[in-house]
Structures are given as C-alpha cells and as structure tokens.
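Colleague: Below are the chains, spelled out letter by letter.
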Amino acid sequence: DTGVSQNPRHKITKRGQNVTFRCDPISEHNRLYWYRQTLGQGPEFLTYFQNEAQLEKSRLLSDRFSAERPKGSFSTLEIQRTEQGDSAMYLCASSLERAVETQYFGPGTRLLVL
Amino acid sequence: AQSVTQLGSHVSVSEGALVLLRCNYSSSVPPYLFWYVQYPNQGLQLLLKYTSAATLVKGINGFEAEFKKSETSFHLTKPSAHMSDAAEYFCAKAKAAGNKLTFGGGTRVLVKP
Chain A
665 DTGVSQNPRH KITKRGQNVT FRCDPISEHN RLYWYRQTLG QGPEFLTYFQ NEAQLEKSRL
725 LSDRFSAERP KGSFSTLEIQ RTEQGDSAMY LCASSLERAV ETQYFGPGTR LLVL
Chain B
12 AQSVTQLGSH VSVSEGALVL LRCNYSSSVP PYLFWYVQYP NQGLQLLLKY TSAATLVKGI
72 NGFEAEFKKS ETSFHLTKPS AHMSDAAEYF CAKAKAAGNK LTFGGGTRVL VKP
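Going down the list, the protein sequences come from chains A and B.
Using my numbering, read the first sequence as starting at 665 and increasing by one per residue.
Using my numbering, read the second sequence as starting at 12 and increasing by one per residue.
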C-alpha cells in the first residue's frame with residue numbers, strides 16, 4: 665500500500681493525558697499537512713511541513729499542540745493535557761511541492777477524550 | 012466569514028436521478044477549487060479539481076463541476092445517482108501558493124432506491 669497511513673486509527677484517552685499520532689506520507693511527497701475534523705464539519709487546517717520545515721501553523725494550534733517532521737519523512741502530532749474539546753478526527757495529507765498539487769489524505773485518527 | 016459555503020448539509024436523491032451539490036466561494040483572486048468525497052470512517056478522496064484551465068472539469072465516478080467566476084460557484088453534478096454515491100462531499104479552495112485547503116461544511120448525500 666503506497667497511500668498515506670496514520671496510526672493509531674482510534675484513540676480513547678482521559679482528560680489531561682498526552683497523546684501522539686503518527687502520519688506516514690506517500691514516499692516521494694515532500695509536503696505534509698495536518699487537519700482536524702469535528703463531527704458534522706469540514707476539515708480545518710492545522711499546520712503543514714515542507715520537508716522537515718514547519719512553514720505554517722493555524723491559530724487553532726494552541727500551545728498544547730506540537731507537530732514535528734524530524735527527517736522530512738513521517739510526522740507526529742502531539743496533544744498535551746488533552747481536553748474534551750480536542751475530540752475530533754485528525755487527518756494527515758501529503759502532496760508534491762509543485763503548485764497546487766493534489767493532497768492525498770490518510771484514513772485519519774479518531775480521538776475521543778473522556 | 013465563511014470562505015467556502017456549501018448550500019444544504021443533507022441532500023436526498025433517488026437512484027438514477029440527478030445529483031447537484033452547490034458550492035460558493037469567496038476569494039480576492041481566482042482560487043483553485045476541489046471536490047472531495049468521504050465515505051464513513053475513511054479519509055478524503057479527490058473527485059476533481061479546477062486549476063484555471065477548462066471551466067468544466069470532469070472527475071472520477073461520473074462527477075463533473077463547472078467553475079463560474081461571475082457567480083463565484085463551483086457546483087458538483089452527476090447525471091445519474093448510484094447507491095454507492097452515498098457519502099459526504101466537501102468543496103475546498105486553495106491559494107496558488109501554500110496549498111493549504113479551506114473546506115466547506117460538507118453535504119451528506121443519501122441515495123434512495
């Protein structure tokens with residue numbers, strides 16, 4: 665399978681705990697994006713990387729959120745001190761660098777904070 | 012202000028009938044526009060995209076969309092609905108640079124036999 669993969673697919677945690685999600689992009693894609701999708705809404709942009717550089721962060725990404733892409737390949741999204749409002753689907757996408765290349769999405773990680 | 016607006020959060024069509032999903036955008040420059048489909052518990056799959064070439068764009072699964080600058084619209088159509096078209100559909104726009112997507116709220120399509 666050469667698509668975007670995300671792990672875990674589901675995560676249930678208690679409020680206040682830290683969680684980390686992983687995204688493995690399509691191998692030759694140097695852009696990687698994170699989006700958050702709450703129930704009944706469209707995805708909202710969180711952040712994106714070009715290679716290992718984080719080029720843009722949404723104001724939705726509070727101080728409790730941090731994303732990394734240390735070697736320009738896979739990426740991790742960590743949420744510290746989770747809150748019930750963090751419950752959502754976290755989607756990862758990747759693309760080539762060329763102007764407005766198609767973004768290919770992974771299956772998402774569904775987070776439930778109790 | 013909403014940058015991408017999808018009129019109708021739910022649409023119900025009969026199998027074999029026309030599917031019409033509406034999308035309007037706001038942008039100071041002509042944007043790049045996309046339609047994605049999301050099946051339950053899955054990620055988003057690209058149906059089609061407009062990148063300033065032909066205004067009528069054909070996509071996968073028999074879908075097409077027409078870019079109308081004067082109406083700031085990019086409505087999605089399919090002549091004949093199949094049961095397999097039941098899903099949620101998202102319209103999105105992107106700037107020429109940066110490429111982050113701004114999505115509409117989505118339209119859930121129900122296909123009746």
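Keep in mind the hints are simulated off the structure, nothing from the lab.
Wrong hints could be hidden among the right ones.
As the list claims (entries may be wrong) - In silico lysine to any residue, SDA-like type, Cα no more than 25 angstroms apart, as pairs:
1) Lys106/B to Gln705/A
2) Lys678/A to Gln714/A
3) Lys675/A to Gln53/B
4) Lys675/A to Asn52/B
5) Lys106/B to Gln681/A
Colleague: Could you check the structure against the hints above and give me the numbers of any it violates, in ascending order?
Modeller: Checked against the structure, the hints that fail are numbers 2 and 5, while the rest are satisfied.
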